[in-house]
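Visitor: In the order they appear, the protein sequences are chains A and B. Just so you know, the first sequence maps onto residues 1 to 263 in my numbering. Just so you know, the second sequence maps onto residues 1001 to 1262 in my numbering.
FYI, nobody ran anything at the bench for these hints, they're computed from the structure. Incorrect hints may have been included.
Straight-line distance between alpha carbons at most 20 angstroms, and here's what the computed EDC-like set of lysine to aspartate or glutamate pairs gives [unchecked claim]: (1) B:Lys1162 / A:Asp129; (2) B:Lys1162 / A:Asp84; (3) A:Lys39 / A:Asp231; (4) B:Lys1234 / B:Glu1065.
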Amino acid sequence: MNSVAQLKLKRLEPPDEEEFATPVAERESALGLPVTLNKISKRFGGRSVLNTLSLSIEASEFVAVVGRSGCGKTTLLRLITGLDPVSDGHLAIAGDEVRGLQGRVRLLFQDARLLMWQRVLNNVGISRDTGWRETAKQALQDVGLADRAQDWPAVLSGGQKQRVALARALVSRPGVLLLDEPFGALDALTRAEMHELLIRIWSAHRFTTILITHDVAEAVTLADRIIVLRDGNVALDQKVDLPRHRRSGAEAARLQNIVLGHV
Amino acid sequence: MTLNKILDKALTWLVPVAILVLWEVSARSGILAARLLPAPSSVALAFIATLRDGSLWANTLISGERALKGLAIGGILGFLLGMLNGLWPPAEKLLDSSMQMLRNVPHLAIIPLVILWFGIDEAAKIFLVTIGVLFPIYLNTYHGVRTVDRGLIEMGRVYGLKPTALLWRIILPGALPSILVGLRYALGIMWLTLIVAETISASSGLGYMTMNAREFMQTDIVLLGIIVYALLGKLADVATRWIEKRALAWHPSYQENAGAAI
Ligand SMILES: Nc1ncnc2c1ncn2[C@@H]1O[C@H](COP(=O)(O)OP(=O)(O)OP(=O)(O)O)[C@@H](O)[C@H]1O
Ligand SMILES: [Mg+2]
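Chain B on its own, in the form it takes in the complex (with noise of 0.2 angstroms):
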C-alpha cells in the first residue's frame, strides 16, 4: 500500500474517530449524563461481560435465525411469484394488480393483526419478516423478467434454445441484477422489521435484550444492542455485494477498469 493509500483510508476514518473521542470525554467530564449517554468505553465493557455470560451471543443468533428463516421464506415465495407472473401472462393478470395493491400496506401495521394471529409465537416474528422481505423481491424478479431484452430471447429461439435453455441461460441471468437489487432492499427490510418486532413482543433476541435493559436503566446494553443491529446490517450488505459482484462480473459496471461512479 502506497502512503497516499494510507492517508486516503485515514481520511475516511478521521471523523468517527473524532466523534467518539469528543463523546468519550464529554461522558467522562460529566457533561453528558451516564444515564442518557454513557461513554464509549463502557459500552465496550457492556459488550464484554455480555460477551462472557454469553446472552449477547444467544440473543444475536435467535435474531439472525428469525431472519435468515423470514428471508428465505419470503425470499423464495416473492422469487417464485415473479417468476411466474413475468413469464406467464395469465398468472400475471390474476395476481399481479393484487400484489400491487398489498404492497401498498406498510407490513408492520399489521403488527397487532400479527399478534392477535400468532401471540408472541416465533411464528409472529418471521411472519412479519417474510411479508416485508416478499414484496421489494417480488417487484424486482416481475421487473426484471419483464424487461430481458426481447430480442435475446428471440436470438435464443432461433439458434434453437428449448424453453427451460432460454430461462436459465438468457431470462434468469437477464433479470439477475434486477433481483439483486430486490435482495438488497429486502435485507435492510429484514432488519429493520425484526428489530420492531422484536422491542413490541419477545421473550429473546436483540430486541428483547435492548428493552430488558431499558427497564433495568441499563443505557449501555441498549447502545450495545443499536451497535449489533447496526453490524448485521452492514454484514448484510457486504454480503450482497459480494454476491453481486460474482454473479455479476459480466456486466460493464462490474469490471476491472469500471468508472467508480457505481
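Same shape as in the complex, but just chain A (with noise of 0.2 angstroms):
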C-alpha cells in the first residue's frame, strides 16, 4: 500500500473524542510518563554515588524521595533529566533510552537559578511558548507573586525565588517533573500553600512526579510512594494510601517513624 492511500485510509478513521476535545500539546503533557531506572550506577572519578540503584516509577505517580544530606540525591534527578550520563545500567522515560537531555522532562534545581537580568514574569515565561505570557502571569499568581511580575529577581528574597522557579517548573507543563527541594526555604504558611498547589496542578495534569525533600512530613504530605535513599541505594520503598487530605492522624504519623527509622 503506498502512502497516500494509508494517509487517506487514517483520515477516515473517526476522530477520537478525547482527541478532539484537547490541543495535542496539552495531551502530550497531560499525560505523565513512566521512569524505569535498571541497575543504574554513577561514579564520580573513584567515588560511587549510586549503586545498581533499580527503580520502577509509574505513569503519574507522585514519588518523594528523603535521603542524608550527600546521598545522591540531586545526581539521581540530574540522572534523569539526561544531564549527566550514567556510569552504568539502563534509564528509560516511557521506554526510551535516556541519552542526553529530553523536551519532556523538566527539572527544578535545588537553587533557584533565575535569570537576573530578566522580570520575572520573563524568567516564568522562559520557553516563550505562544501565549507564554498569559500563562506566566497565571503560574505567577499561583505561586502568590502576581504583583511581582515586573520586579528584578535580585530584589526577591529567597524563598520568593523559590517560588518563581517553581512557578517556572509548573508552567511547562512536562511529562516527568523532577523538584529537588522546592521547598526549603519557605515558612510552614507558604510552604502548607505551596503542597495545596503543587497537588492541584498535579491532580490536573498528572505528570510524573519526583519531589526531593529532607521533611519527611512533606513526604507524607504530597507523595504516593517514598523511596529512602542510602549508600546509593533504596533503603525503603514505602506506598503512602492516605487518602490526600487527610495525612496528619495516627497512621501518617506511623509512616514518618518507619520512613525515619530508614534514613
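Two chains, two separate frames, one set of hints: put the complex together.
Guide: The structure is reproduced here in C-alpha cells:
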C-alpha cells in the first residue's frame, strides 16, 4: 500500500473523542511518563554515589525521595534529566533510553537559577511558547507573586526566588517533573500553600513527579510513595495509602516513623 | 533641592574654583609667566577665538571621527574574537595564547612601524586606536563569556532553549557587565592613543592644533587643546555610565536603594 492511500485511510477513521477535546500539546503533557531505572550506577572519579539502583516509577505517580545530605538525591535527578550520563545500567523514560536532554522532562534545581537580567515574568515564561505571557502570569498568581511580575529577581527574597522557580517549572507542563527541594526556604504557612498548589496542578495534569525533600512530613503529605536513599541504593520503598487531605493522623505519624527509621 | 544638597554640591566645587581664582590672580600679577601658563581668562578668550574661526570645531570633529572609527573597528573585532574564543574551545586553543602575547606589546611602541606602513595617513591613526581598544574589549568579552554561570546555561538547556536563545538570553547578558568594563577601559585608551598619534604625526585634529600652537608659542591654545581632550574623555565616561545604567538595570549594584559604594 502506498503512503498516500495510508494517509487517506487514517483520515477516514472517526476522530477519537478525547483527541478532539484537547490540543495536541496539552494532551501530550497531560500524560505522565513512566520512569524506569535498571541497575544504574553513578561514579564521580573513584567515588561511587549511586550503586546498581533499580526503581520503577509509574506514569503519573508522585514519588518523594528522602535521604541524608550528600546521599545522591540531586545526582539521581540529574541522571533522569539527562544532564549527566549513567556510569552503568539502563535508564528509560516511557521505554526510551535516556541519552542527553529531552523536552518532556523538567527539573527544578535546588538553587533557583533565575536569570537576573530578566524580569520575574520573563523568567517564568522562559520557553516563550505562544501565549507565554498569560500562562506565566497565571503561574505567578498561583505561587502568590502576581504583584512581583515586573520586578528584577535580585530584589526577591530566597523563598520568593524559589517560588518563581516553581512557577517556571509548573508552566512547562512536562511529562516528568523533577523537584529538588523546592520548598526548603519557605515558612510553614507558605509551604502548606505551595503543597496545595502543587497537588492541584499535579491532579489536573498528572505529570510523573519526583520530589526531593529533607522533610519526612512533607513527603507523607504529598507523595504516593516514599523512597529512602542510603548508601547509593534504595533503603526503603514505602507506599502511602492515605487520602490526600487527611495525612496528619496516627497512620501518617506511623509512616513518618517508618521512613525516619530508614534514613 | 534642599539646602543641604546645594551645600553638598558647592563643597565639591570649592577646591577647583579656588585653584582657578588663585591661578588667575598669579598670572595677572606676573608671578606666572604668560608664556608658560597663561591666565584662565586668556584660555577662555582663545576658546572664543578658535570657536569663531571654526578651527576648534573642525579639529575636534576630525579627532572625534578618528576615535570613533578606531573604536568601532577595534571594538567589533575584539568583541567577536572574545565571543569566538569564549564559546568555541578550538578557537581558544588556536588564538588565545597569541592574543595574550600580543597584548603585552605596548601598542604605542609600534608607532614607528605604523608610520612606516601608513605614513601620516588617516589610516595610521585609526589603526593605532583600533589596536589600542581591541585588547581590553577582547579580554573582557572573553573573560565575561567564560565566567557566565554554568548553572544558568544548564537551566536554559533543561528548559529547552536552543543555542541561539542560550546565546542571546543567557550568555550575552551574563557577559555584559564584564564587556562594559572593557568598553570603559577601551575609551580611556582610545583618547590616549589618539592624543599621542596626533601629536607625533598629523595635519589636522586636536593634537595637531596643540602642537601647531606650540610652535607659535600660543600657550593658551595648547592649554585649550588639553582641556578639550579632558572634556572629551569625561564625555566618553559619562556615556559609558549612561549605557551601564540602562543595560545593567537588573544588576543589584544599579538598583535604586543600592548602596552608594560603587
Ligand atoms: N560533579 C561531581 N563531581 C564529583 N562529585 C560529585 C559531583 N556531583 C556530586 N558529587 C558527589 O556526589 C555525592 C552526592 O551529591 P548530591 O548532590 O547528589 O547529594 P544530595 O543528596 O543532593 O545532597 P543534598 O541533600 O545536600 O543536596 C556527594 O558526595 C557529592 O560530592
Ligand atoms: Mg541536592
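Visitor: Flag every earlier hint the structure violates by its number, smallest first.
Guide: none
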